[in-house]
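Asks: Keeping the supplied structure of chain A fixed, place chain B with the ligands upon it in accordance with the hints.
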Amino acid sequence: MMRQPLLEVQHLRTRFETYRGTLRAVDGVSLTVSRGETVALVGESGCGKSVAALSIMRLIRPPGRIAGGRVILDGRDLLEASEVEMRGIRGGRIAMVFQDPLSTLNPTFTVESQVTETLRVHRVAAGAQARDRAIELLDAMGIPAPRERLRSYPHELSGGMRQRVMIAIAVSCQPEVLIADEPTTALDVTLQAQIMDLLATIKEERGLATVLITHDLGIVAQFAEKAAVMYAGQIVEECPVSRLMEEPLHPYTSGLLRCVPRLGRPDVPITPIEGTVPDLVSLPAGCRFAPRCPKVMARCRQAMPPPYEVDAQRLVRCFLYAGADTASAAEEED
Amino acid sequence: MSSDGVLLTAAHVTKHFPAGKRRVLRAVDDVSLEIARGETLGLVGESGCGKTTLGKLLCLLEEPTRGEIWLDGTDLLHIPPNELRELRPRLQMIFQDPFASLNPHKTIEQIVGLPLRIKSLRGKARIRERVHELLGMVGLDPSQSGRFPHQFSGGQRQRIGIARALACEPELIIADEPVASLDVSIQAQILQVLRDLQARFHLAAIFISHDISVVSHVSQRIAVMYLGRVVELGPAQDVIYDPKHPYTRALLSAVPRVGEAQPEATLLPGDIPSPIAVPRGCRFHTRCYLEQVTECGTGEPGLREVANGHFAACHLARSKAAES
Ligand SMILES: Nc1ncnc2c1ncn2[C@@H]1O[C@H](COP(=O)(O)OP(=O)(O)O)[C@@H](O)[C@H]1O
Ligand SMILES: Nc1ncnc2c1ncn2[C@@H]1O[C@H](COP(=O)(O)OP(=O)(O)O)[C@@H](O)[C@H]1O
Ligand code: SF4
Ligand SMILES: [Mg+2]
Ligand SMILES: [Mg+2]
Chain A
1 MMRQPLLEVQ HLRTRFETYR GTLRAVDGVS LTVSRGETVA LVGESGCGKS VAALSIMRLI
61 RPPGRIAGGR VILDGRDLLE ASEVEMRGIR GGRIAMVFQD PLSTLNPTFT VESQVTETLR
121 VHRVAAGAQA RDRAIELLDA MGIPAPRERL RSYPHELSGG MRQRVMIAIA VSCQPEVLIA
181 DEPTTALDVT LQAQIMDLLA TIKEERGLAT VLITHDLGIV AQFAEKAAVM YAGQIVEECP
241 VSRLMEEPLH PYTSGLLRCV PRLGRPDVPI TPIEGTVPDL VSLPAGCRFA PRCPKVMARC
301 RQAMPPPYEV DAQRLVRCFL YAGADTASAA EEED
Chain B
1 MSSDGVLLTA AHVTKHFPAG KRRVLRAVDD VSLEIARGET LGLVGESGCG KTTLGKLLCL
61 LEEPTRGEIW LDGTDLLHIP PNELRELRPR LQMIFQDPFA SLNPHKTIEQ IVGLPLRIKS
121 LRGKARIRER VHELLGMVGL DPSQSGRFPH QFSGGQRQRI GIARALACEP ELIIADEPVA
181 SLDVSIQAQI LQVLRDLQAR FHLAAIFISH DISVVSHVSQ RIAVMYLGRV VELGPAQDVI
241 YDPKHPYTRA LLSAVPRVGE AQPEATLLPG DIPSPIAVPR GCRFHTRCYL EQVTECGTGE
301 PGLREVANGH FAACHLARSK AAES
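Line order of the protein sequences matches chains A and B.
Here my numbering is used: position 78 in the first sequence is 78, and no number is missing along the way.
Here my numbering is used: position 196 in the second sequence is 196, and no number is missing along the way.
This is chain A alone, in the form it adopts within the complex (with noise of 0.2 Å):
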């Protein structure tokens, strides 16, 4: 069944000027994701992941800049847009959680003051009727007594509930888009699945398109549909997760699953991936994962691998799949 995709991100370069040179944190990345749909946008640290969601929300910083692409949210592009229309957008349409809930709430608001601030701003309820919403949202995410919770200051709440506040916030104006930056990397293993549960939930219930940015493959495993691979600020492999989980092709992607160890499983070994992710500044020529990659061909050393479109649902950046290639030229490079 092909959806409709709801957030349509093309091709978009973000780059950081620092004193060592340029810092390509996001080199030419394209997504598609569609309504009730959960994209996983999976890495090691440093890929650029964060970088990714900063930019589709616009909330790149100088010395950082978006350097082109396009992100499309529902036919209109959004590095098209003014900064005040961005206002509506951020938290309307397209809502945020990250990882760390403490560096994103105000310290020195009660719970109350930040969700109620949320729906004035974006016109949705304000006065006695936004509390009562706030209520209904705390509640609704599965906070224990929100009436009394709604007076707490943020250090006041366990992580756990800290992260739920940051949901109620995050869907408080009925956004269409979640993008969720390692919404459970903080939090232990049985809080985490109390988290990944309300997400799940919430998605389900609304229908949100959702980038899930995580690190974890068994999240990835768990809560997506589908997965794009990120190294060195490139998608590497996109795909449905199952095909993923089940038969890897790039040669970072299988790396990268030998690596986790399996619960339970001694018996399926951890393979490492030798050497260490390149610096940004500095990137090898040719395909960025050469330098550790155990299938390289001289040509890798030489050019950049295009993405091959190796069916109808598998992209992979890299030479090995270059016959496969289903359509007739790839994607264009800068």
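Since the hints were made in silico from the structure, they are not lab data.
If you're wondering where the values come from, they're calculated on a predicted model, not measured in any experiment.
Please note that the accuracy of each hint is not assured.
[Stated by the list, open to error] Below, computed lysine to any residue pairings styled on SDA-like, alpha-carbon distance capped at 25 Å: (1) 203/A x 322/A; (2) 203/A x 260/B; (3) 203/A x 267/B; (4) 203/A x 269/B; (5) 21/B x 155/A; (6) 56/B x 278/B; (7) 21/B x 6/B; (8) 203/A x 270/B; (9) 203/A x 105/A.
[Unchecked claim] Stretches of chain B that chain A covers, calculated by requiring three or more beta carbons in the stretch to come under 8 Å of a beta carbon on chain A: (10) 184-193; (11) 238-251; (12) 256-268.
[Stated by the list, open to error] Ranges between beta-carbon positions, derived for each pair: (13) 197/A x 297/B: 25 to 35 Å; (14) 90/B x 200/A: 47 to 57 Å; (15) 290/B x 35/A: 33 to 43 Å; (16) 36/A x 18/B: 49 to 59 Å; (17) 47/B x 200/A: 15 to 25 Å.
For every residue, glycine included, the Cβ atom is placed at its ideal position computed from N, Cα and C.
Replies: Frame of chain A; chain B with the ligands shown alone:
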């Protein structure tokens, strides 16, 4: 346990920290366990359950409020300081954040060489030779030994920490979340280094982690902690595939699986209680989802052997064993 014999024994080890107003924080509460030579015991549990404190107690970096620690037949808490100094290097701890435990002003050669000098290895050249050998063992380039800690990546710093621990020629390594802050590809590298060295030197290890998947890979036995107590202890595969304590079952069900079907998650209600106000009776009873018996709210269940070498601290687990 392996027939190799017991290396370290902890009996009723307890650590209470003062928490103001005559209250105490019960970080570790009456933990007893044994580690055999060459064995790896995994210690798993969620943050704040007392893993680090227990690790430090076993390594003598923290003094217990109560309890005994025996190394190879010697009562470590009741021997003269000079004897203790002799024995101490046999227990080495590796930390989660090697950066915090590496002196930023010293070169790698000085850091790894320090325990060698203490061991009165004579001669600069011999120390250097040994340092280079140790660096090679953990997969670091010996030619970089003149560099400082900040010039290395997180994974490399963990290797340095391991080399420093190895310099003491320990018999037991207590590794506290050694891979928790590393990316999975680097985590895999470090796990491989640890595994190789353990096999090579027949090292015993206590591997502390919040990640039961990692623990299940490296350990022969697993101890599960909750609120300062070991609530389950047994052979790794038995604990994973036939958990006896309801907390262990919830923990296992919460782990998102890769490459296999996800069991139905058992969601525990609420948060972990504070170790300053440990619930009466079974300390898990406020979150327990089993049909409880009266004792659950009144008596603290002790660790009972419910299957061969497999212990659980749950009143119901015990009664189940009694039935059969
Ligand atoms: N404000 C910034 N200034 C300079 N570099 C940045 C900034 N934010 C992120 N980066 C760099 O961009 C790259 C991608 O970072 P990020 O998106 O945060 O990675 P991830 O979320 O995948 O861990 C990293 O190399 C990071 O150091
Ligand atoms: N030096 C200390 N003083 C007071 N409380 C401590 C101290 N060290 C640890 N604690 C407390 O003891 C409990 C157990 O901590 P810890 O052993 O670090 O747990 P874990 O390693 O499992 O996360 C926590 O509640 C922690 O706050
Ligand atoms: S003793 Fe009772 S409350 Fe405690 S874990 Fe067992 S069943 Fe649950
Ligand atoms: Mg990030
Ligand atoms: Mg700890």
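Asks: A separate judgement is required for each hint: does it hold in the structure or not?
Replies: How the hints compare with the structure:
1. 203/A x 322/A: 37 Å, violated
2. 203/A x 260/B: Status holds; Cα separation ~23 Å.
3. 203/A x 267/B: Status holds; Cα separation ~19 Å.
4. 203/A x 269/B: 22 Å, holds
5. 21/B x 155/A: Holds: residue 21/B and residue 155/A sit about 22 Å apart, inside 25 Å.
6. 56/B x 278/B: 22 Å, holds
7. 21/B x 6/B: 41 Å, violated
8. 203/A x 270/B: Holds, at roughly 22 Å.
9. 203/A x 105/A: Holds - the C-alpha atoms of residue 105/A and residue 203/A are around 22 Å apart, at most 25 Å.
10. 184-193: holds (count 8)
11. 238-251: Check passed, 4 qualifying residues.
12. 256-268: holds (count 9)
13. 197/A x 297/B: 25 to 35 Å: 28 Å, holds
14. 90/B x 200/A: 47 to 57 Å: Check passed, 49 Å falls within 47 to 57 Å.
15. 290/B x 35/A: 33 to 43 Å: Taking Cβ atoms as reference, residue 290/B and residue 35/A lie about 40 Å apart, which means the hint holds.
16. 36/A x 18/B: 49 to 59 Å: 53 Å, holds
17. 47/B x 200/A: 15 to 25 Å: 24 Å, holds
Hint compliance for this structure: hints 1, 7 are not met, and every other hint is.
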